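S.K.: Given the sequences, and given the hints that come with them, work out the whole structure.
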Amino acid sequence: MTFETAVYWMILAGIAGMIFYFIDEWRLDKHYQNGYWAGRSAGWKSCLDHQAKVQAMKLDQVFDYDKN
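Using the numbering used here, you'd call the opening residue of the sequence shown number 1 and step up by one each time.
Hints are computed from structural coordinates only; laboratory data are not their basis. Predicted model only: the values in this text are computed from it and were never measured. Wrong hints could be hidden among the right ones.
As the list claims (entries may be wrong) - Distance condition first, Cα-Cα at most 25 Å in a straight line; then the derived SDA-like pairs of lysine to any residue: (1) Lys53 x Ala42; (2) Lys53 x Asn34; (3) Lys30 x Ala42; (4) Lys45 x Gln55; (5) Lys30 x Met10; (6) Lys45 x Val62; (7) Lys45 x His31; (8) Lys45 x Ala56; (9) Lys53 x Gly39; (10) Lys30 x Lys53; (11) Lys45 x Phe63; (12) Lys30 x Ala16; (13) Lys30 x Gly43; (14) Lys58 x Leu48.
M.R.: Right, here's the structure in full:
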């Protein structure tokens, strides 16, 4: 193998490595974003469920005039 072909293969391997690196980074970021927004959605649902339960509890409470 001559020096020129070795340089050619090193450049080709570097370009292929960069392509695989960016594909992997894109894939990881996509999965991270999907998980992030799924977590945000679950958090909002939990918050709204809690607010509905508190509101229902407040509506069910009866003020006892004899105590106060």
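S.K.: Now look at each hint and say whether the structure bears it out.
M.R.: Right, here's what the structure says about each hint:
1. Lys53 x Ala42: holds (16 Å)
2. Lys53 x Asn34: With Cα atoms ~29 Å apart, lysine 53 and asparagine 34 exceed 25 Å; violated.
3. Lys30 x Ala42: holds (18 Å)
4. Lys45 x Gln55: Between lysine 45 and glutamine 55 the Cα gap is close to 15 Å, so the pair holds against 25 Å.
5. Lys30 x Met10: Roughly 30 Å separates the two Cα atoms, so the pair is violated.
6. Lys45 x Val62: violated (28 Å)
7. Lys45 x His31: holds (21 Å)
8. Lys45 x Ala56: Roughly 16 Å between the alpha carbons, so the hint for lysine 45 and alanine 56 holds.
9. Lys53 x Gly39: holds (21 Å)
10. Lys30 x Lys53: With a Cα-Cα distance of about 35 Å, the restraint between lysine 30 and lysine 53 is violated, given a limit of 25 Å.
11. Lys45 x Phe63: violated (30 Å)
12. Lys30 x Ala16: holds (21 Å)
13. Lys30 x Gly43: At roughly 20 Å apart (the allowed maximum being 25 Å), glycine 43 and lysine 30 satisfy the hint.
14. Lys58 x Leu48: Since the Cα atoms of lysine 58 and leucine 48 sit roughly 15 Å apart, the hinted pair holds (cutoff 25 Å).
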